Amino acid sequence: MNPALQADRETPRSATTGRSRLRFRVRPVAAVGRLIGWGEPGLALPAADDRALDPLPPAMLAANAGLALLVAAVAANGSRMGMVWAVPVFYGAVAWIFLPFAARLLHPATPRAELVADLGLLMAALFVARVIREPMAFIDHDEFLHWSTAQSIIETGALFSPNPLLPVSPLYPGLELVTTAIIHLSGLTVFDASLALLAVARITFILTLFFTYERIGGSARIAACGCLVYAGSSTFFVFDSQFSYESLAVTFVGALLLAEARSVREGRTRHIWLIFAPIAAALGATHHMSAFFAAILFTTLAALEYLRTGAGRARGSALLVAALAVLLPVVWSNLMGNPSSGYLGPVIAGGLKEAIGLFGHAPGRKLFTSEDGSVAPLWERLVAVGSVALVALGLLTGFLRAIARSGLPVAWRTLSSLRRIRNWSNSRLLLLTLLTLAFPLSILFRLTRSGWEIGNRVGPFSFFGVGLVIAIAVGAYWQGCSRRAGPVAAIAVAGCVILVGGIISAQGPRILVPAQFEVSADAASIEPMSISAARWAKAWLGPGNLFASDRINRLLLSTYGRQGVATTLQEGLDTGEIIMARTLGWREISLLRETGVEFVTVDLRLTTALPTVGVYFDGGAADQGHIRPPRAEALLKFNLVPQIGRIFDDGYLVTYDVRGLRGTR
Amino acid sequence: MAPADTTGPPRCGWLASLCAVGTLLPSPEGLEFLRALCALGLVLYLPGACVLQAASPGRPAGTEMQVLRITLSLALAVLAGLCLNLAGALTPHGWALALWCLSMAGSVAGVVTRRLGTEVGVSALARPPGRRGAGRTATAAVILCGACLLAICSLSLARTGALAHKEYRFTEFWLVPEINRPTVATLGVHNGEQVPTDYEVDVVAGGDVLARWPAITLSAGETRTVPFAVPASAFGRRVEAWLYKDGERNRVYRKVWMAVPGVTRSSRFEE
Chain U
1 MNPALQADRE TPRSATTGRS RLRFRVRPVA AVGRLIGWGE PGLALPAADD RALDPLPPAM
61 LAANAGLALL VAAVAANGSR MGMVWAVPVF YGAVAWIFLP FAARLLHPAT PRAELVADLG
121 LLMAALFVAR VIREPMAFID HDEFLHWSTA QSIIETGALF SPNPLLPVSP LYPGLELVTT
181 AIIHLSGLTV FDASLALLAV ARITFILTLF FTYERIGGSA RIAACGCLVY AGSSTFFVFD
241 SQFSYESLAV TFVGALLLAE ARSVREGRTR HIWLIFAPIA AALGATHHMS AFFAAILFTT
301 LAALEYLRTG AGRARGSALL VAALAVLLPV VWSNLMGNPS SGYLGPVIAG GLKEAIGLFG
361 HAPGRKLFTS EDGSVAPLWE RLVAVGSVAL VALGLLTGFL RAIARSGLPV AWRTLSSLRR
421 IRNWSNSRLL LLTLLTLAFP LSILFRLTRS GWEIGNRVGP FSFFGVGLVI AIAVGAYWQG
481 CSRRAGPVAA IAVAGCVILV GGIISAQGPR ILVPAQFEVS ADAASIEPMS ISAARWAKAW
541 LGPGNLFASD RINRLLLSTY GRQGVATTLQ EGLDTGEIIM ARTLGWREIS LLRETGVEFV
601 TVDLRLTTAL PTVGVYFDGG AADQGHIRPP RAEALLKFNL VPQIGRIFDD GYLVTYDVRG
661 LRGTR
Chain C
1 MAPADTTGPP RCGWLASLCA VGTLLPSPEG LEFLRALCAL GLVLYLPGAC VLQAASPGRP
61 AGTEMQVLRI TLSLALAVLA GLCLNLAGAL TPHGWALALW CLSMAGSVAG VVTRRLGTEV
121 GVSALARPPG RRGAGRTATA AVILCGACLL AICSLSLART GALAHKEYRF TEFWLVPEIN
181 RPTVATLGVH NGEQVPTDYE VDVVAGGDVL ARWPAITLSA GETRTVPFAV PASAFGRRVE
241 AWLYKDGERN RVYRKVWMAV PGVTRSSRFE E
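So the protein sequences, as listed, match chains U and C. Using the working numbering, you'd call the opening residue of the first sequence number 1 and step up by one each time. Using the working numbering, you'd call the opening residue of the second sequence number 1 and step up by one each time.
Chain C extracted, bound-state conformation (with noise of 0.2 Å):
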């Protein structure tokens, strides 16, 4: 005897505006994957689900039947989008009504088909499930825990080395003039060397430095950022900043530059 098909229309609707409901509001801390779950059920099940069931209802749905309900879901879930696009409505909320209707719309066919008492025969490929021992299902069940507990961590190991992989300490370091006043630009530094260093600023423009910042200390991964308005007097001429690393005031360990335009009566900003 084929088993009951569990998502029968009506079920296969209340299920679809449960997700569809889940997805659209906000989740409880620590919760979040249950909208997670929803959203999959929405896009990657239901649709499909429902418009299969309307057109076999009451019938089993064995593993081929299911495999189908997934596949037509995403089909569904492509031309649903499709159609959203030209409407201007590939937002959350176009998604969940378009993936609920279409599931409702299955849903609503099947209670009517089945109302009127189209059933269809039974596949000649369908198989019967068995009875099975509950002890050998509940080492089973532990079992397969198991398996899933380590194929997690070994997911979680291979997160950890990937993140644990820098091959490169670096130091990032720029002077980025600002969109509209091309005389003012922003300095900044970021700490990519995995250990906190030091550094020094010099802003220079034809060898006279116009400025200087004394030396910081960055932990890793830090950023400071500091706004720099060019004087007058550098005007028109190509604003370097040089970066000194560890006190290493002989060696420029980096550089980076700016060509600031010549000086108009509208170009004039305060400093």
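In isolation and in its complexed conformation, chain U is listed as follows (with noise of 0.2 Å):
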């Protein structure tokens, strides 16, 4: 929008008419002022249409996502037979699906009973887009990581057995509970059991927040845009997605928001004991970060509550909720030995000396390149920075406008405004909104190598506040009341630019299964022939034999074969090097014995080049930096020791049997 023209949206003439004024005046200061919002009262928006639920929008709506899944399964399988055409109709799809759904639940006219129905079923839509990437099993690094945890329950009947992919994992085994109780009951094997209980997640954690904006924003048109915002966070599509404890605890925090905000109204003590306090234990138990997120969140409401004028008896309240959240989480952590700090704290702290660095010129990471130096294309380039764009453009336009809703002054021209600092009246609207502070904070962590996983997981937290604080943008300033199919077609391109991008963002190229096998590259590095050697690994020496492996083998080894592998989380030493070494020396062998490896897996495929997500192992010292691939004599000379058998052999994958090296058979 040209900052010279004023868009006069907001008086009482055109909140009620629904058509905008145009004033020109070329008054810079004025203009950017009005821009952000400066100034401006809270709007209230009209309430949502409270008619019934006509049935027959919605269900076109699904049927038409139904063509767009159609054509999505036929870009996975495209991309399977390596067209080159399959990614760019596969995000196209997804668009596909969005689009429709965006612009009714954008338009002022839509009921709010249908907001709720076409939230659902969109959201139902973009699972169904996800499970067509791996339609038969897990393909995701870390779905391999809580599968096995899930195994590991079934097959012992016990929680916290030790799982070397992931050692926190069994240790906040909520989403596994959940998981092997349907299995249990249902006989449905975990892949299927995964699915049903994700899908149940994802639907129920998409109408939690719209329910949760609707209390807080006090719109329902509102709480649907900022839905929709929220779905381009780089971690709703896939990664909360996928068989992952995030993917159950962002549920949980969800309807912690939820309850929180229900029982400022429907009756504080059932909600808070009876809601709030089983969801925040169970929190506890499920995920470390999102149950340290809603300690900080709480904490903060608490706070903002105590420190607002008028707020009698709604401290009390916020002080036991602040509480809850607080003490669960830290009693469980506490019970589990305190795990989350040595796998958090030196991810943290690696993330934030690389991004202090970055101010220091240091260079962080290369944008759009993997780490085995392919280059995302141009228009993926355009749609992730554009995403980023929009958000930051809508947060630019949304952030006064929703603290002016909250209640807090913005316009501080004189002394008496500023006593009157502490009268706002919406506590929760002011927290989501100063929520949105930590985006920034998260595009910067991604632009960093070691900081890029935190910056990537501070984004569903942070997409909290970032989707209702553009809802409001959306509402009161770009949008308005108004009902004509440009400015709703406009917002909803924009929406879906924030949708695709966050995909983009997250999964760029790789969101499909490639047609040709990829080193080191996760869900491009599972295929059957993998899996069916880690069967036979089963098979052949039963389960629970130690391995050593590279990054995917050890996973399918884990899983499929149901065998012990070496990590360095667990072992604290790394069995990469013994592969990578030219000569099995003295040191390698020290290392086998330490370690106790029985068995060693390499794959010759990794000979054939850099590995995509930069490590072929664990990341250690001399997993890192790689300028060329191993040679296949280093991966082979197991060949040359006597008393190594050589006992499995499928022309890419060769196993050892390294027992005889220990003297001991």
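Careful: at least some of the hints might be erroneous.
[To be verified] Straight-line C-alpha distance at most 35 Å; calculated DSBU-like pairs for lysine-lysine: (1) Lys255(C) x Lys538(U); (2) Lys166(C) x Lys538(U); (3) Lys245(C) x Lys538(U).
[What the hints assert, rightly or not] Covered stretches of chain U (in silico footprint by chain C; criterion: 3 or more residues with CB under 8 Å from a CB of chain C, positions within the stretch not fixed): (4) 53–62; (5) 186–196; (6) 245–256; (7) 269–277; (8) 377–385.
Everything labelled a hint here was simulated from the structure, so no lab data went into it. Predicted, not measured: the structure shown is a model, and the values here were computed from it. Here a beta-carbon is modelled for each residue, glycine too, at the ideal position from N, C-alpha and C.
Using the hints, put the two chains back together into the complex; each one sits in its own frame.
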């Protein structure tokens, strides 16, 4: 929008008639002030239409989504056949699903009941699109970690069995508990049970978010728009809908926000003890980071309620809620021996160090470039950058408006207005608005190598605020009450760019399984031959042997093969050094003996390319900054040792029996 | 007028009981999906529904309350699982009993609460349903069924593509010694070449051919194993198995071996 133009959308007359009135003034400062909402009073939007649900429009939108899903499936299959059009067509199918729903959700005339129905159907369709990329079995890296934990629970009938792939996972068994409950009672496989659970969790989560935004924002329209924006979080499409503990934890966080928001009007005690407390306790046992986030969130809310003039009894309730949100996860963490500090601490420290280094002009991560050097196509880069730019624009135009809507004065021209600073009326809205300040931090972390993971994880939490603030910007500035097709379509397209850009920033061109195997590329490295080799190990060696192998094959050996795997996280020793070393000297043999490794599986395909994710194994000192792939002679050095048996060979994967080095069989 | 809550406390308890029984009894063939439905209901909905119904008996349950019921059920399942672990009862019966007990506790509390007459006021945000044209509903239902069918077809199409995607044609070959008898091993071949393939195997030690199996044909996906006892002459040496494919005797297709321990009185085995 041209800053020289002022669009007066906020006068009572335009709010009633829905028409905008343009005045042409060349006043840059005033224009900027108008853009960001400086001095605007909190706008009251008209309530959403309360008519009963007309089922026809949602049904037609669902049918349209069904057609788009067919196209998505064709694209997924095309990717497996090496078609270059597959990825763009898949993203196009996602946009095809999203756009009609978005246009309907953004239209002011859509009844509230239909907003709920449309959101549920949209989320169901997006979930099916996600399943289309992995319709048979798990393919994403983190899914294997939790699958291993779930299998241990089923096999042993007990919790807390060690998981060398992710030692902290068994200590936060919430997701695996619910999944194994479904498995035990239904007879479904882990994969099918997880799909059922995640589908329900996804739809439930977006609806809890809708109702939370509605209660906090005061408008069903804002709530629906906020949910659309939330879908643009980089973790929304894949990471938070995969079989990983954060997927369930995010659902719990949404429910906590809703339960707390409901308690304002519905009866505090009942909501706090009957709903909030059990969910907070379950969250504490499900995911460390989400529980810490909830603790910080509700503690800040309590602080805001304490500061707010006229809060009265709300302070006590807020304090109680904060106490529950803090104590329950802390108790669980202490019971488990504070495992997350050893797991999260180094990642956070490394990310912070690199992020600070950026200000000193230290080189960060190369954007849109994988560790193997491949670059994302231009259109993906443009969409991803456009997505961030749109979010930033939405925050710019929504931040102060949201603050004003919460009752906090934003134009502090006089001392008297400063005295009223504690007179805000809506602490929850104020809290979520302040939460958006985490968004630029998450972007900063994503510019670094070691902090990328933190930035990616902060995303879904910061987007709790981003969704609502941008929705307020849309409702109060960009669209207002306009029912014209132009503004509705433009904002729907912007939402679509945010959604697709969010997916691209997390997945990029690797959203689909490619035709050809890629080295150390997580989902692009999972294929039937490797799975067969892992199953062979279980069938012919029995479960529970200790293997050393690369990043991908250890996932498969642990899950399909039910073998133990030596990892740096668990053993504290890097068995990747043994495999990569040029010769099997005393150092390597000592390492084998010290770790107790019984079998070594080498994947000769590692010699064909650099690792896509940057590491072949654990990312130890010897597994960083590869400039060339390892030589085959290095991987096959075990052939030269008489005590070592070569017990399995499929032409690509070779398994060696190294028990002879220990002198015992 | 808000809709009557169809899962009032007694109904909630009955449903939970039905689901619990349904998960434990063997399902008739072709009706396994019923057991899955019972399981999903018992884990994902009923405990939370019964407990919240106890808090607000007779109160209409809008969509907002329904999603809270689901989330509360998930949370209660987590907490129940932690308790079951303490009791060493993470089994199907343990789960069914725990979730049934939670549901029944909520159901009974709901009945008591209702009899005591502690009703709660309607939420300010509760929304009344309205009447809708039967014709439009029927049309919408048909269209929705069509949408579901399209979604199922798309998943089916994706599964077919995933199953058909086999980048590698390979043959697995192994020689695995038995755990307590290191001079007896199993020789195995698995045909992953996706076409019928001929194989021949030689077992050699130090250049001496210990055994030779005639050509066998394995169909795609077939596996053949044969036990092999190492002759005494090969004790203390490396015993190798060489696999040839499609009659190409000039090229060893796969090679595996085992290190046989030296002979001792106690390690003599029958052949």
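Inset, instruction - Check each numbered hint against the structure and report the violated ones by number, ascending. - result: Number 8 only.
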